[in-house]
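So you can see what is in the structure, the chains are spelled out below.
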Amino acid sequence: MPRANGSLLIYTYAFIHPFSETPRNEEPSLKILVCMKQVPQKDAPLKLNESGTWIREDVSYEVNEPDAYALEEALRQKEKHGGTVVVITAGPARAQQVLREALAKGADRAIHLEDPAFVGLDAFNTARAFAAAIQSESFDLIFTGLQSDDYGYAQTGVILAELLGWPHATIIMQIEKNDTGIRVKRELEAGYFQFVDMPLPAVLTIQSGINKLRYATLMGIKQAKTKPLQKVTLADVQSAVSGNLQKIERLYVPQKTKKTELLEGSAAEIAKKLVDKLRNEVRVL
Amino acid sequence: MADNIVVVVEQRDGKVNRVSWETLTAGQALAGSGWALDAAVVGKNVESLAHEVAGKKLRKVYAIESPSFEPYTPDAFAFGLKQFLQSQTPKLVLMPHTYQVRDFVPKLATAMGRTVISDCIGYKKEGDRLLFTRQMFQGKLAADVTFTGPPPWFVTFQNGAFRGDKVEAGASAAPVETVQIEIGDGVIREKPQPVFKEAKQAVDLTQAEIIVSIGRGIKEQQNIQLAQRLAEALGGEIAASRPICDAGWLPMDRQIGSSGQTVAPKLYLALGISGAIQHIVGMKGSRTIVAVNKDSEAPILEIADYAVVGNLFDIVPPLIEEVKKAKAGS
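Protein chains in written order, with the working numbering: chain B, 1 to 285; chain P, 1 to 330.
The hints are simulated quantities; they were obtained by calculation from the structure and are not laboratory data. It cannot be assumed that every hint is accurate.
[Stated by the list, open to error] Below, simulated DSS-like cross-link-like pairs (lysine-lysine); rule was C-alpha separation at most 25 Å, straight line:
1. P:K294 - P:K266
2. B:K247 - P:K82
3. B:K272 - P:K44
4. B:K272 - P:K91
5. P:K200 - B:K258
6. P:K15 - P:K197
7. B:K247 - B:K259
8. P:K266 - B:K185
9. P:K166 - P:K91
10. B:K247 - B:K258
11. B:K78 - B:K227
12. P:K284 - B:K42
13. P:K166 - B:K256
14. B:K185 - B:K78
15. B:K272 - P:K325
16. B:K212 - P:K15
17. B:K185 - P:K15
18. B:K227 - B:K256
19. P:K166 - P:K219
20. P:K44 - B:K185
21. P:K200 - P:K166
22. B:K78 - B:K222
23. B:K259 - P:K166
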């Protein structure tokens, strides 16, 4: 749906769809949704569950790193243009931590699709659940991290764009608002980049390193407690989701195909052994 | 009707992206003796590329043509491929896991009510079931994944999962068919500008024989000089994983990984690098890999030829001395 630019269009639009969609904001400010995920901590030791189809839940969690960059970018855009930042996550009760931290950093409100069952949904269904949860909202931009550190599929954002009928761009390193929408900088392989102009609303998947992450201030943590945190149950979005189209049959510790020689001993001994290998076996000395 | 596989070949600037030969190898392996293998090249004026692909052992190559495919946009590619695939009804659609494919294939699959199993490193045939293997949790675990819905099934393969040089040539050239796609106004909403390289590349790491690479384990910017001294002693170049370059501690042209350089030196010495997938794809082709990491579970240790489980700050100083001694002695 093209963005309403003149007030006549807004009135006509509102007349045709009085309750189905809030007319788009005419002001330069931005209403941004950031989709965030809670994943096991990077250095957490992972254990397989009994059926060998997922990991055991008794592990420490943290925010998916690319999503933290997506949030930071949303907060910076808000600081620049004014507007609102809403954060959303789908997961069990523990996932609320990610939302609380986001609110403490400056997000205005949060939506928690709360149910352990969300952990098992594939990207397609997760995107459908998100789309259902934000049906009555009118965002200008939706950010996701470019991929999750646990699944690493890099799909949810792109799927969400298709479900909403919005344009999208992935692996974004820069966003600039202009009169016709936004100009984004896409990262390509091997050090190449590309600018792309697109209209709003749009979905962007954000690359790590786009900015420097802020810390939540004590004031922010305090304020977070009073910011709205809306809970959405699986039942609320049940009609939107259906069976997964793919299934993890088994999860396992990867078989080593390479023969690794472990060098042990004191630091001095290891240094000698390694130089020996480099000279006689690798032949680089 | 025989089950068929379609490999979508990626092209850039009138050349087949090298990684597409790997996908064709995968397609040939999956086709085995039972399924038909077709290929599709998407773009503007890609007939000659389609003929190049037709030299390989497969059934047919399609040149999916439209002036609107140039420059690449996800809107155009998803639209065009959806039209083509709906007329073909293949069982499997294979693509390399490139940044471009990541940009459009989830959109394409969703538009067709289907799903993608992405970044696979292999596959398994168990009876009549097909499972696709992929890494999870940054390489710490592997998963065998199946499709539970109807075909077409979309799969993307990781760089280096198959050997591009192992793709079989055909006994004779396969037929090439051009499919014209009409893309109406309003389909394409993005306006891409020309692709460019950011900083002038001061160093070409692909030419280095020895690389000393640092990761988050280096902890602070000032510690990089320790790694630099080792690189100098060895006569090699310094490089890094993404977080080091994001932090601005080393310039972007020192980055190894999917966003940076892909290297295959004689010796790759990884210091304090955990081995996230995005990094590994950039260096797994190295002749010899030495990894130093204090985490015995770090995925990089899986692909190392020589591993040291220990603190790099303890190991590197005596290592520098031993290297200097060895070089002075010889």
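Here's how the hints hold up against the structure:
1. P:K294 - P:K266: holds, 24 Å
2. B:K247 - P:K82: holds, 24 Å
3. B:K272 - P:K44: Not satisfied, since the Cα-Cα distance of roughly 58 Å exceeds 25 Å.
4. B:K272 - P:K91: Outside the cut-off at roughly 55 Å; violated.
5. P:K200 - B:K258: This hinted pair is violated, its Cα atoms lying about 37 Å apart.
6. P:K15 - P:K197: Distance ~18 Å between K15 (chain P) and K197 (chain P) Cα, so the pair holds.
7. B:K247 - B:K259: At roughly 31 Å apart (the allowed maximum being 25 Å), K259 (chain B) and K247 (chain B) break the hint.
8. P:K266 - B:K185: Not OK: K266 (chain P) and K185 (chain B) at ~35 Å, beyond 25 Å, violated.
9. P:K166 - P:K91: Judged against 25 Å, a Cα distance of about 23 Å means the pair holds.
10. B:K247 - B:K258: This hinted pair is violated, its Cα atoms lying about 28 Å apart.
11. B:K78 - B:K227: holds, 17 Å
12. P:K284 - B:K42: holds, 21 Å
13. P:K166 - B:K256: holds, 23 Å
14. B:K185 - B:K78: With Cα atoms ~19 Å apart, K185 (chain B) and K78 (chain B) stay inside 25 Å; holds.
15. B:K272 - P:K325: Holds - the C-alpha atoms of K325 (chain P) and K272 (chain B) are around 10 Å apart, at most 25 Å.
16. B:K212 - P:K15: Violated, at about 37 Å.
17. B:K185 - P:K15: holds, 24 Å
18. B:K227 - B:K256: Violated, at roughly 48 Å.
19. P:K166 - P:K219: Roughly 41 Å between the alpha carbons, so the hint for K166 (chain P) and K219 (chain P) is violated.
20. P:K44 - B:K185: Holds, because 24 Å separates the two Cα atoms, which is no more than 25 Å.
21. P:K200 - P:K166: violated, 35 Å
22. B:K78 - B:K222: holds, 20 Å
23. B:K259 - P:K166: Holds: K259 (chain B) and K166 (chain P) sit about 24 Å apart, inside 25 Å.
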